[in-house]
Amino acid sequence: MIRRVRAAAAGLAAIAATFAMAGAASAVECPVKLGAVLPVSGPMGQVGERIAQTGQFAVELFNEAGGVKGCPVEYVLRDTQGQPTVGVDAAKSLVELEGVPALVGAISSGVSLPILTSVAVPSKVVQISCCSSSETFTQLAKEGKTDGLWFRTYATNRSQSAMAALLATKAGFKKTAVIYVNTDFGVGLANRFKEDVVKLGGGLGEVVAYNESQQSYRAEVTKALQGNPDSLFLIAFPVDGATITREWLALGGTDNLIVNNSLRSDDYFDAVGRQYLKNLIGYDSAQPRLPSVATFNELFEKRFDSPPNGPGLHSVFDAVTVTLLAMEQADELTGPAIRDAIRAVTKEGGTEVHPGPDGIRRAKELIAAGKPIRYVGATGALSFDENGDVQAPKMVWKLIDGKNTEVEYYSTEDIARLIAKLDN
Amino acid sequence: MIGLVAYLVFFLIVALIFAVAVLGLNLQWGFTGLFNAGVAGFLAIGAYTMAILTGPSREAVLGGYELPFAVGLLGAMLASGFAALVIGLITLRLRDEFLAVATFGIAVTIQLVCVNWEYVTGGTLGLISIPNPSRALADGPFAQNLIYLALVAVLAGLVFVGLERIVGAPWGRVLKAVREDETAAASLGKNPVRVRLEAFVLGCMLMGLSGALYVGFIGYVSPFDFLPIVTFQIWTMLIVGGSANNRGAILGALIVWAVWTGSGFVISKLVPPSVQAQSGAMQAVLIGLILVVTLLFRPRGLIGEKIAVSRHARD
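Line order of the protein sequences matches chains F and U. Using my numbering, read the first sequence as starting at 21 and increasing by one per residue. Using my numbering, read the second sequence as starting at 19 and increasing by one per residue.
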């Protein structure tokens, strides 16, 4: 039986090899295609549509500067409908029918991951996501199962837990309770925080998960109050976060609150009441103070008549632009070559190049001259670590006289140092 | 050309995996008249069982038994069969729409358990690195997918032949009798509750098999895979293909999945790039339109039920 299976497998492999050879001619054909798999309908449709448009915009700017290897770039967008099966099929059809060597997407980790394991890695195609935050990708990369083909331009949870732990210990809190939203985002962040806060010399109270969209969180809050914590790290989204905060304060919890970036929202402040949030402190991703970011913001406003406010817009722009630069840099348009070129065009020490047609033209001249470049884009200088993850600068904010005010700024380098300290 | 073939192989794998679940639903709805609105839940049970039995060991999560693929498939069928037995004993006294509401609730419950029971399911992070047996047998995605397609096709074929035999057997006639008139069936000495339970469990085992095959192929499972829309897709496949006809069930899976995914391809070809980001809505409209037109012209599905008349009646 086994012999027969082997024989059949060998036969199939031979057929595959014949087919593969037929398709081996590798001169650059115009147009150069870049695939995008994003949810432009379904529950994530509204967010996805803006992200998809911004990706298209990045391609347009690149084409204004002459495209990739002298060819215009065609941006082939396919809808995932927010469903893993549909997303996987769309990705496979982009790879096989359109022949794209790189995919941008998806948004939800639950869709990006099956695409990575069943399409991108087996077919040796680069996959770069603007928005998937799950730690599972880092784990997969560490196990060597991504072949380095996975990248993301969205800073992972890693820096978030480190920031929260830093805030807790800098304020001198000795026992921090945690209430977190039960999603891949919340679970990953809470688990990391448990380790980080202890490493920085803080202490941990109860750690309690909550499920979204409940009427009341009295049970969760009561549990978190056990052992009299002197502070609370709340990982939540505005509506549920406000319910939890009100119940926490009403049941006698401390007002030493640390909150994650999603609660930096007027909806949350008003629902709780700003007068109760005087000791609230939070962190958020900061836009780096760099000319490249301003350039992107200007270009975006000119094109869309509105500022680039919204999740994933800066990061998808960089995901697309860095992939196209890598295509320009790569000897051939194959997944592994583009993967290596992404490392090359983001390497420290290269000449900095910025977004926009002028920046791209300059980058292409430098590449043509064989000089190293470093893309510094809408999210700042991208430096992918060995797992394909990036870090972003962070800021700390408080409500001062009821106004949401930035009080501290941590650059990408500061964050990298903090994480290095925690991981060793 | 190679690309088209490679894509078709991939497409057929997913479509045939769906077909196995549609065949299970056909046994329940088509032949027995059980309105199971919880298909996604039974897919999930099969999928997670497969992941736990065959996946690599990991910290803080149950499983990692690294058992062979075939054991995973069997385990998945047994687990979903057992779940169906328990759920069936509780709910099968309910008829029609009541059963639909109960099973829908159960599927949502199962999905929420998957989200929250981290020790078993990995919670929202899901379970990664589930081995795909074809990876060890050949190099390159095309050959591997061909092998997996062969495997899925053989299993789907076995399921089809098996179902054809049992619905053609006396047991199958009892199913239809229960579907058409339970009281009449009972008056002939048949036990409708027992027959309904048998059909329900067997159908759910096939859904479990389908879930397991999906996980074995994709290599990853998360609660995100089992949203209620999946139940809707499986139902659409059965209704379009033709319920109470196993050929119809398979045809429905192929056609509906082709429409569902092909519409995206067509739109990316026809729509100018500048408005592609708005094309999601068009795709939804296109899918809906094709389904409605099919049902208008073929209300009993593409291949409906064969009219079965006893061969003795001809004389």
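Read the hints as simulated data drawn from the structure, not as lab findings. It cannot be assumed that every hint is accurate.
Under the rule of at most 20 Å between Cα atoms (straight-line distance), these lysine to any residue pairs were calculated in the SDA-like manner [to be verified]:
#1 LYS287/U to LYS418/F
#2 LYS418/F to ALA191/F
#3 LYS219/F to ALA168/U
#4 LYS144/F to LYS287/U
#5 LYS53/F to PHE283/U
Derived coverage of chain U by chain F (criterion: at least 3 residues anywhere in the stretch with Cβ under 8 Å from a Cβ of chain F; other residues may be distant) [said to hold, decoys possible]:
#6 20-30
#7 92-104
#8 143-152
#9 192-200
#10 242-248
Anything over 10 Å on all C-beta distances counts as not near chain F; from chain U, calculated [claimed, not checked]:
#11 VAL133
#12 GLU136
#13 VAL211
#14 LEU272
#15 ILE285
#16 PRO317
Even for Gly, the Cβ is constructed at its ideal location relative to N, Cα and C.
Results of checking the hints against the structure:
no., hint, verdict
1, LYS287/U to LYS418/F, "violated, 49 Å"
2, LYS418/F to ALA191/F, "holds, 13 Å"
3, LYS219/F to ALA168/U, "violated, 52 Å"
4, LYS144/F to LYS287/U, "violated, 24 Å"
5, LYS53/F to PHE283/U, "holds, 15 Å"
6, 20-30, "holds (count 8)"
7, 92-104, "violated (count 0)"
8, 143-152, "holds (count 4)"
9, 192-200, "violated (count 0)"
10, 242-248, "holds (count 5)"
11, VAL133, "violated, 7 Å"
12, GLU136, "violated, 7 Å"
13, VAL211, "holds, 35 Å"
14, LEU272, "holds, 13 Å"
15, ILE285, "violated, 8 Å"
16, PRO317, "holds, 27 Å"
Against the hints set out earlier in the document, violations occur for numbers 1, 3, 4, 7, 9, 11, 12 and 15.
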